[in-house]
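**Student:** Sequence lines, in order, name chains Z and G.
Using the numbering used here, the letters of the first sequence map in sequence onto residues 90 to 325.
Using the numbering used here, the letters of the second sequence map in sequence onto residues 736 to 863.
Calculated from the structure, these hints are not laboratory results.
Hints may contain errors.
Stated by the list, open to error - Derived DEER-like restraints, expressed as beta-carbon distance ranges:
no. : chain 1 : residue 1 : chain 2 : residue 2 : range
1   : G       : ASP839    : Z       : ASP323    : 45 to 55 Å
2   : Z       : ALA147    : G       : ASP834    : 35 to 45 Å
3   : G       : SER838    : Z       : GLU321    : 38 to 48 Å
4   : G       : ASP839    : Z       : MET245    : 45 to 55 Å
5   : Z       : LEU240    : G       : LYS859    : 40 to 50 Å
6   : G       : ARG854    : Z       : CYS131    : 34 to 44 Å
7   : Z       : LYS197    : G       : ASP811    : 18 to 28 Å
Claimed, not checked - In silico EDC-like cross-links for lysine to aspartate or glutamate, where the CA-CA straight-line distance does not exceed 16 Å:
no. : chain 1 : residue 1 : chain 2 : residue 2
8   : Z       : LYS161    : Z       : ASP281
9   : Z       : LYS311    : Z       : GLU244
10  : Z       : LYS143    : G       : GLU767
11  : G       : LYS765    : Z       : GLU144
12  : Z       : LYS234    : Z       : ASP308
13  : Z       : LYS249    : G       : ASP791
14  : G       : LYS818    : G       : ASP791
15  : G       : LYS803    : G       : ASP783
16  : Z       : LYS237    : Z       : GLU322
17  : Z       : LYS171    : Z       : GLU125
18  : Z       : LYS143    : G       : ASP768
19  : Z       : LYS135    : Z       : GLU125
20  : Z       : LYS187    : G       : ASP783
21  : G       : LYS818    : G       : ASP834
22  : Z       : LYS311    : Z       : GLU210
Glycine included, C-beta positions come from ideal geometry on N, C-alpha and C.
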Amino acid sequence: MSAARKPVGLIVGIGLLVTLIALPAQADNKGMEILEARCSGCHDLKGPAPATLKELWARKGPDLFYAGNKYKRAWLESWLQKPKRIRPAGYFYVDHIKPTEDGDVIDKSTLKPHMALSAEEAHDVAEALMSLKANSHLITKGEYKPGKISLTMGEMRFDKFRGCMACHEIEPGYGGLSGPEVYTVARRLQEDFMMSYMRDPQAWDPKIFMPNMHLREGDLEKFVHYFRALSEEDFE
Amino acid sequence: MKIKLTKSATALVTIMLALFPALAAVAGEKAEDNYRTYCWQCHGMNGDGNGINVRDMSVQPRDHTYGKEMASRSDDELFMAIKEGGPAVNKSVLMPHWDGIFSDEEIRDLVRYLRQQCRCEHGKGTSD
Numbered sequence: 090m091s092a093a094r095k096p097v098g099l100i101v102g103i104g105l106l107v108t109l110i111a112l113p114a115q116a117d118n119k120g121m122e123i124l125e126a127r128c129s130g131c132h133d134l135k136g137p138a139p140a141t142l143k144e145l146w147a148r149k150g151p152d153l154f155y156a157g158n159k160y161k162r163a164w165l166e167s168w169l170q171k172p173k174r175i176r177p178a179g180y181f182y183v184d185h186i187k188p189t190e191d192g193d194v195i196d197k198s199t200l201k202p203h204m205a206l207s208a209e210e211a212h213d214v215a216e217a218l219m220s221l222k223a224n225s226h227l228i229t230k231g232e233y234k235p236g237k238i239s240l241t242m243g244e245m246r247f248d249k250f251r252g253c254m255a256c257h258e259i260e261p262g263y264g265g266l267s268g269p270e271v272y273t274v275a276r277r278l279q280e281d282f283m284m285s286y287m288r289d290p291q292a293w294d295p296k297i298f299m300p301n302m303h304l305r306e307g308d309l310e311k312f313v314h315y316f317r318a319l320s321e322e323d324f325e
Numbered sequence: 736m737k738i739k740l741t742k743s744a745t746a747l748v749t750i751m752l753a754l755f756p757a758l759a760a761v762a763g764e765k766a767e768d769n770y771r772t773y774c775w776q777c778h779g780m781n782g783d784g785n786g787i788n789v790r791d792m793s794v795q796p797r798d799h800t801y802g803k804e805m806a807s808r809s810d811d812e813l814f815m816a817i818k819e820g821g822p823a824v825n826k827s828v829l830m831p832h833w834d835g836i837f838s839d840e841e842i843r844d845l846v847r848y849l850r851q852q853c854r855c856e857h858g859k860g861t862s863d
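Can you build the whole structure from these sequences, using the hints too?
**Tutor:** Printed below as a string of structure tokens:
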């Protein structure tokens, strides 16, 4: 009798262990299932990035195949539950503008809200996104060393010296509209990714309409200091 | 021998596949398509310098339809401005380098496209 019980206990024990080990992987799988079923229509989960304008024009949302090298996990989980527009003129500005007598304006009727996920779904999807790590060779882990710059000096560099404000808002309602807002970028993106992307946007995305600004190495870090300072401001 | 031939054939196909996108890239995009994708954001859908980004700019982007002004710029100056940005021709830092995206041939095509937009030639004024 006791000989018969022993294997049962062992089997249950092994079963429990396997379940515990598999739990995080299941969250990953659940997240990946959601990504494939509900997100892959607008987001590329596999790559590569568009290599022609035709492919660029067909893209509906940010590529996610390197999401794990790009986004901050906590931000992803929170944003997915309460999505808020990051690019004032939509993902590809050309699709969302119209000419008027006073110049081009954003055609708001063409902008659609991003779907929201439940807390559990957002958790699983964020987990799955963090496992998508294409282009790791472009990232130097720990390259960014935290430091400080005043908002005034940061703005001077970003706007007057380099002209980046032409395309990016540095606070709500102030700056360019075709690119993503930068006053929240340090909440959204990993610092090492920002360094790499600003150094050579086309290495990540050959046809993206952000040009290589030929920034000096010293500029890259100072820009990230500036973005971090901006992200601490309360613009709401 | 058979195995060697199969390997060679596979290698050839791999090389061809690798080269195909490169060949496509060399061919370049049409100037009109490049202009729409990259230049509209500042120079506007009508090319008149009234793109969606101008609201808070300290310097208005060039009006590419203004023949008189555009005629005062040589093709080489326009080429340099696109390739290396405004400061390369003593103009605004708001015009960035585009050499990371356009090949020299694509930039030359863009200069030709600008000449169509302004209906002008360097030093000759407009054709209107």
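**Student:** For every hint, state whether the structure bears it out.
**Tutor:** These are the hints, each one checked on the structure:
no.: 1; hint: G:ASP839 <-> Z:ASP323: 45 to 55 Å; result: holds (47 Å)
no.: 2; hint: Z:ALA147 <-> G:ASP834: 35 to 45 Å; result: violated (25 Å)
no.: 3; hint: G:SER838 <-> Z:GLU321: 38 to 48 Å; result: holds (42 Å)
no.: 4; hint: G:ASP839 <-> Z:MET245: 45 to 55 Å; result: violated (33 Å)
no.: 5; hint: Z:LEU240 <-> G:LYS859: 40 to 50 Å; result: holds (49 Å)
no.: 6; hint: G:ARG854 <-> Z:CYS131: 34 to 44 Å; result: holds (40 Å)
no.: 7; hint: Z:LYS197 <-> G:ASP811: 18 to 28 Å; result: violated (41 Å)
no.: 8; hint: Z:LYS161 <-> Z:ASP281; result: holds (11 Å)
no.: 9; hint: Z:LYS311 <-> Z:GLU244; result: holds (11 Å)
no.: 10; hint: Z:LYS143 <-> G:GLU767; result: holds (13 Å)
no.: 11; hint: G:LYS765 <-> Z:GLU144; result: holds (14 Å)
no.: 12; hint: Z:LYS234 <-> Z:ASP308; result: holds (13 Å)
no.: 13; hint: Z:LYS249 <-> G:ASP791; result: holds (12 Å)
no.: 14; hint: G:LYS818 <-> G:ASP791; result: violated (24 Å)
no.: 15; hint: G:LYS803 <-> G:ASP783; result: holds (13 Å)
no.: 16; hint: Z:LYS237 <-> Z:GLU322; result: holds (14 Å)
no.: 17; hint: Z:LYS171 <-> Z:GLU125; result: violated (20 Å)
no.: 18; hint: Z:LYS143 <-> G:ASP768; result: holds (9 Å)
no.: 19; hint: Z:LYS135 <-> Z:GLU125; result: holds (10 Å)
no.: 20; hint: Z:LYS187 <-> G:ASP783; result: holds (14 Å)
no.: 21; hint: G:LYS818 <-> G:ASP834; result: holds (5 Å)
no.: 22; hint: Z:LYS311 <-> Z:GLU210; result: violated (36 Å)
When each numbered hint is compared with the structure, violations occur for hints 2, 4, 7, 14, 17, 22.
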